[in-house]
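Undergrad: Between the sequences and the hints, there should be enough to build the whole structure, so can you do that?
Number of protein chains: 2
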Amino acid sequence: VRVAVELRRAYRLLNHGPATLVSAAHGSRHNVMAAQWVMPLDFDPPKLAVVVAADTFTRGLIEASGQLCVSLPTVGMADLVWAVGSASSAEVDKLERFHVATTQASKVTAPLIDGCVAWLECEVRPDVALARDHDLFIVEVVAAWADSDVWDGRELHFEGHPEKRTLHHVARGTFFATGERVKANEPG
Amino acid sequence: VRVAVELRRAYRLLNHGPATLVSAAHGSRHNVMAAQWVMPLDFDPPKLAVVVAADTFTRGLIEASGQLCVSLPTVGMADLVWAVGSASSAEVDKLERFHVATTQASKVTAPLIDGCVAWLECEVRPDVALARDHDLFIVEVVAAWADSDVWDGRELHFEGHPEKRTLHHVARGTFFATGERVKANEPG
Numbered sequence: 061v062r063v064a065v066e067l068r069r070a071y072r073l074l075n076h077g078p079a080t081l082v083s084a085a086h087g088s089r090h091n092v093m094a095a096q097w098v099m100p101l102d103f104d105p106p107k108l109a110v111v112v113a114a115d116t117f118t119r120g121l122i123e124a125s126g127q128l129c130v131s132l133p134t135v136g137m138a139d140l141v142w143a144v145g146s147a148s149s150a151e152v153d154k155l156e157r158f159h160v161a162t163t164q165a166s167k168v169t170a171p172l173i174d175g176c177v178a179w180l181e182c183e184v185r186p187d188v189a190l191a192r193d194h195d196l197f198i199v200e201v202v203a204a205w206a207d208s209d210v211w212d213g214r215e216l217h218f219e220g221h222p223e224k225r226t227l228h229h230v231a232r233g234t235f236f237a238t239g240e241r242v243k244a245n246e247p248g
Numbered sequence: 061v062r063v064a065v066e067l068r069r070a071y072r073l074l075n076h077g078p079a080t081l082v083s084a085a086h087g088s089r090h091n092v093m094a095a096q097w098v099m100p101l102d103f104d105p106p107k108l109a110v111v112v113a114a115d116t117f118t119r120g121l122i123e124a125s126g127q128l129c130v131s132l133p134t135v136g137m138a139d140l141v142w143a144v145g146s147a148s149s150a151e152v153d154k155l156e157r158f159h160v161a162t163t164q165a166s167k168v169t170a171p172l173i174d175g176c177v178a179w180l181e182c183e184v185r186p187d188v189a190l191a192r193d194h195d196l197f198i199v200e201v202v203a204a205w206a207d208s209d210v211w212d213g214r215e216l217h218f219e220g221h222p223e224k225r226t227l228h229h230v231a232r233g234t235f236f237a238t239g240e241r242v243k244a245n246e247p248g
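Those sequence lines, one after another, are chains A and B. Counted the way our numbering counts, the first sequence spans residues 61 to 248. Counted the way our numbering counts, the second sequence spans residues 61 to 248.
Derived by calculation from the structure, the hints in this document are not laboratory data. Don't be surprised by glycine CBs; every beta carbon is placed ideally from N, CA and C. Where hints are given, some of them may not hold.
EDC-like mimics (lysine to aspartate or glutamate), calculated; alpha carbons at most 20 Å apart, straight line [stated by the list, open to error]:
(1) B:Lys107 - A:Glu123
(2) A:Lys243 - B:Glu223
(3) B:Lys107 - A:Glu223
(4) A:Lys167 - A:Asp195
(5) B:Lys243 - A:Glu223
(6) B:Lys107 - A:Asp193
(7) B:Lys167 - B:Glu123
(8) A:Lys107 - B:Asp193
Covered stretches of chain A (chain B as the covering partner; in silico rule of three or more C-beta atoms under 8 Å from a C-beta of chain B) [claimed, not checked]:
(9) 70-76
(10) 102-112
(11) 179-186
(12) 226-232
TA: Here is the structure:
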């Protein structure tokens with residue numbers, strides 16, 4: 061079940077550095093791309109740093125709409141992540157070509173990608189120099205959701221649902237799955 | 061054995077989103093802190109985006125020296141990562157207090173943290189507004205190293221050395237270990 065995530069805890073969906081799918085929509089066009097270079101930048105209000113290359117179709121949609129969604133795909137979605145990360149889509153509708161189902165977001169026009177385990181709806185904070193010089197976008201998370209199988213209201217847990225673990229891209233279609241929990245002892 | 065990593069492949073040390081230790085030195089002072097909000101920003105020359113909070117002692121050393129090192133700790137170092145991430149150190153020498161051994165870097169004054177599996181020596185590209193508004197530093201990797209047990213010259217591999225897997229911080233001293241490799245099929 062998809063449940064709302066408190067905004068002040070939304071950074072915990074992304075804190076472990078998972079691979080993501082970044083989606084955007086503007087007018088009648090929409091698109092999705094793979095993005096590993098996404099990380100939290102602040103807690104409350106939650107902000108993210110997102111790298112989106114200049115030659116991508118999704119970038120144009122993000123800049124036109126001022127919005128994007130970040131979805132966290134599972135290990136079973138590795139082929140899809142690699143496919144939408146490799147294919148260009150000025151001409152092809154990647155959502156259609158790769159049979160990607162989506163759900164309407166609550167606060168932005170960008171779609172949420174079905175089958176993922178967490179979703180962050182984001183508004184872009186325009187910064188022309190950052191985008192031009194570094195392909196970097198600073199966005200504010202305005203709504204967040206997670207699959208209640210892996211989100212207990214405070215943290216992600218994958219023990220009971222290994223098939224819902226997230227991915228971490230290494231290079232060229234090779235990923236690491238998210239591994240087991242490690243709890244540090246408090247400093248003595 | 062610590063081996064040099066080609067700069068154009070240095071992003072692959074950090075691409076999977078591991079927890080890091082960020083170290084810096086200036087004059088007779090040095091320090092280390094935990095940093096999860098570190099990600100690649102460009103391939104060649106390799107650049108990183110690094111978040112360093114304004115109230116940390118390490119930040120002052122980074123700004124004074126214009127340099128920092130990013131080291132990747134292993135699962136066995138979780139207690140240390142949490143300790144140097146929690147303790148403040150305006151007064152305490154964290155390297156000394158937590159018995160952290162270091163090795164001199166090749167191109168920067170910041171020390172490399174022993175026991176880690178990868179190291180990136182970085183020069184800061186000064187951007188006053190980014191640091192002030194977002195605690196964000198853009199750095200260029202000028203040298204990179206990895207433990208040959210886990211680096212084959214192209215990618216990280218942890219199969220043979222589970223004790224050398226990296227960490228991914230979730231929150232409050234809870235981490236995920238880096239999990240098994242997942243290889244995507246090429247899109248059909």
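Undergrad: Hints first: check each against the structure and report whether it holds.
TA: For each hint, the structure was consulted:
no., hint, result
1, B:Lys107 - A:Glu123, "violated (23 Å)"
2, A:Lys243 - B:Glu223, "holds (15 Å)"
3, B:Lys107 - A:Glu223, "violated (33 Å)"
4, A:Lys167 - A:Asp195, "violated (24 Å)"
5, B:Lys243 - A:Glu223, "holds (15 Å)"
6, B:Lys107 - A:Asp193, "holds (12 Å)"
7, B:Lys167 - B:Glu123, "holds (17 Å)"
8, A:Lys107 - B:Asp193, "holds (12 Å)"
9, 70-76, "holds (count 3)"
10, 102-112, "holds (count 4)"
11, 179-186, "violated (count 0)"
12, 226-232, "holds (count 5)"
Going through the hint list in order, the structure does not satisfy hints 1, 3, 4 and 11.
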